[in-house]
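**Student:** Heads up: the protein sequence lines correspond to chains G and Z, in order.
If you read the first sequence in our numbering, its first letter stands for residue 422, the second for the next number, and so on.
If you read the second sequence in our numbering, its first letter stands for residue 422, the second for the next number, and so on.
Treat the hints with care, since some could be wrong.
Stated by the list, open to error - When the alpha-carbon atoms are kept at most 25 angstroms apart in a straight line, the in silico DSS-like pairs for lysine-lysine are as follows:
1. G:K581 <-> G:K620
2. G:K470 <-> G:K577
3. G:K581 <-> G:K470
4. Z:K515 <-> Z:K497
5. G:K497 <-> G:K515
6. Z:K483 <-> G:K470
7. Z:K497 <-> G:K620
8. Z:K497 <-> Z:K577
9. Z:K515 <-> Z:K620
10. G:K470 <-> G:K515
11. Z:K581 <-> G:K483
12. G:K581 <-> Z:K577
13. Z:K470 <-> G:K470
14. Z:K503 <-> G:K483
15. G:K497 <-> Z:K579
16. G:K515 <-> G:K620
17. Z:K483 <-> G:K483
18. G:K483 <-> G:K470
19. G:K497 <-> G:K483
20. Z:K503 <-> Z:K483
21. Z:K470 <-> Z:K577
22. G:K470 <-> G:K579
23. G:K483 <-> G:K503
24. Z:K579 <-> Z:K470
Please keep in mind that the hints were generated in silico from the structure rather than gathered at the bench.
Protein chains: 2
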Amino acid sequence: MAQPVVEFWYEFASTYSYPAAMRISRLAEDAGIEVRWRPFMLGPIFAAKGLNDSPFNVDPVKGRYMWRDIGRICAKEDIPLKLPPFSFVQNSLKAARIALAGETAHWLPEFSRAVYRANFAEQKDISDDAVLVDILARLDVDPATTMAAANTPENKAKLKTQNEEAMRREIFGAPFFFAGNEPFWGNDRLEDALAWAAK
Amino acid sequence: MAQPVVEFWYEFASTYSYPAAMRISRLAEDAGIEVRWRPFMLGPIFAAKGLNDSPFNVDPVKGRYMWRDIGRICAKEDIPLKLPPFSFVQNSLKAARIALAGETAHWLPEFSRAVYRANFAEQKDISDDAVLVDILARLDVDPATTMAAANTPENKAKLKTQNEEAMRREIFGAPFFFAGNEPFWGNDRLEDALAWAAK
């Protein structure tokens with residue numbers, strides 16, 4: 422029988438995607454489930470609703486709660502959390518293009534976790550080429566080839582297609598998981614998604 | 422030492438408040454925590470943001486997901502779920518006034534659970550006096566006295582004050598819990614709120 426699969430849709434600027442990205446490989450391995458990492462962007466989905474910023478910035482009350490909640494979650498999971506003072510949300514376009522260019526590469530999970538750490542623990546600018554190049558180099562991935570592959574018209578179009586698939590499948594936030602067609606939204610549904618896939 | 426307390430802020434029209442209401446007494450008792458039941462209304466809080474309907478109706482994509490998610494939660498917890506065909510959201514004003522009039526009464530938790538069952542399992546109209554009278558009568562609470570107490574100008578004003586407190590304390594959804602001043606939003610944070618209070 423084929424190994425069950427969970428799709429993990431994640432956005433590099435999304436706070437709740439961060440603990441999900443740090444937890445999913447270990448939990449999925451324990452459950453015997455394969456993770457399909459699917460980077461995408463929430464911006465176009467929010468923009469389609471007329472939102473031009475994170476809902477956590479648009480609604481400061483909800484935003485203040487989110488920071489408290491994500492702080493508790495990271496503390497509980499022993500995940501470092503130290504935000505860049507310059508921006509929430511960060512521009513995740515370049516990182517998403519690199520991740521998508523590497524969607525079948527062995528380094529995708531580790532690259533993705535490193536981008537999350539850069540954003541949410543190391544106070545780095547993930548839209549800065551130097552930051553992304555450094556992450557790739559530390560993973561022994563050739564930065565020049567990879568950055569070039571990320572920036573081809575084909576790969577840019579592929580990210581648009583990925584975002585369109587997200588919208589078509591009614592993804593409205595991140596992280597988002599699918600076990601088959603069963604949808605699960607949020608870091609706190611990760612265990613449920615894995616359990617569903619294992620059924 | 423005084424028994425730790427969790428405040429449980431709930432709205433009778435709120436889907437996620439339903440499993441929280443059905444679960445909290447048992448979980449709190451197991452944890453040795455006292456629950457303070459605090460009925461309130463989300464309508465005025467949404468209205469202050471310019472929303473005149475549930476966010477789950479305003480955004481049908483999010484709404485469809487919510488119904489699937491709440492269905493899974495209720496199935497997992499063995500909580501019946503059968504929606505009234507006539508309305509989501511129901512008008513919860515009368516039920517909230519009765520609950521508030523009974524805020525220190527022994528029957529408040531059982532009354533509240535019965536209203537949730539009427540709304541989310543028995544397809545009843547919780548804005549119908551007959552439905553509320555029937556619930557009270559089955560709890561051996563005198564309906565005439567209680568309905569009268571619910572409808573005094575003082576009690577109506579008290580519900581407004583309760584809603585103002587909710588807004589001042591930055592409650593933006595339901596269910597909402599406080600362990601001291603630590604805020605927790607959502608049925609899926611109930612266990613965390615209890616654990617925080619027990620610390």
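**Student:** Indicate, hint by hint, whether the structure satisfies it.
**Tutor:** Now the hints, each set against the structure:
1. G:K581 <-> G:K620: Roughly 33 angstroms separates the two Cα atoms, so the pair is violated.
2. G:K470 <-> G:K577: With a Cα-Cα distance of about 23 angstroms, the restraint between K470 (chain G) and K577 (chain G) holds, given a limit of 25 angstroms.
3. G:K581 <-> G:K470: Given pair K581 (chain G), K470 (chain G) holds - Cα atoms ~17 angstroms apart, limit 25 angstroms.
4. Z:K515 <-> Z:K497: violated, 30 angstroms
5. G:K497 <-> G:K515: violated, 30 angstroms
6. Z:K483 <-> G:K470: Within the cut-off at roughly 12 angstroms; holds.
7. Z:K497 <-> G:K620: This hinted pair holds, its Cα atoms lying about 14 angstroms apart.
8. Z:K497 <-> Z:K577: Violated. K497 (chain Z) to K577 (chain Z) sits at ~37 angstroms, over the 25 angstroms cutoff.
9. Z:K515 <-> Z:K620: Violated, at roughly 37 angstroms.
10. G:K470 <-> G:K515: holds, 23 angstroms
11. Z:K581 <-> G:K483: holds, 22 angstroms
12. G:K581 <-> Z:K577: It is violated: about 52 angstroms lies between the C-alpha atoms, which goes past 25 angstroms.
13. Z:K470 <-> G:K470: holds, 16 angstroms
14. Z:K503 <-> G:K483: violated, 30 angstroms
15. G:K497 <-> Z:K579: Not OK: K497 (chain G) and K579 (chain Z) at ~38 angstroms, beyond 25 angstroms, violated.
16. G:K515 <-> G:K620: Roughly 37 angstroms between the alpha carbons, so the hint for K515 (chain G) and K620 (chain G) is violated.
17. Z:K483 <-> G:K483: holds, 17 angstroms
18. G:K483 <-> G:K470: Holds. K483 (chain G) to K470 (chain G) sits at ~18 angstroms (cutoff 25 angstroms).
19. G:K497 <-> G:K483: Roughly 21 angstroms separates the two Cα atoms, so the pair holds.
20. Z:K503 <-> Z:K483: Cα-Cα ~19 angstroms, so holds.
21. Z:K470 <-> Z:K577: This hinted pair holds, its Cα atoms lying about 23 angstroms apart.
22. G:K470 <-> G:K579: Judged against 25 angstroms, a Cα distance of about 22 angstroms means the pair holds.
23. G:K483 <-> G:K503: holds, 19 angstroms
24. Z:K579 <-> Z:K470: holds, 22 angstroms
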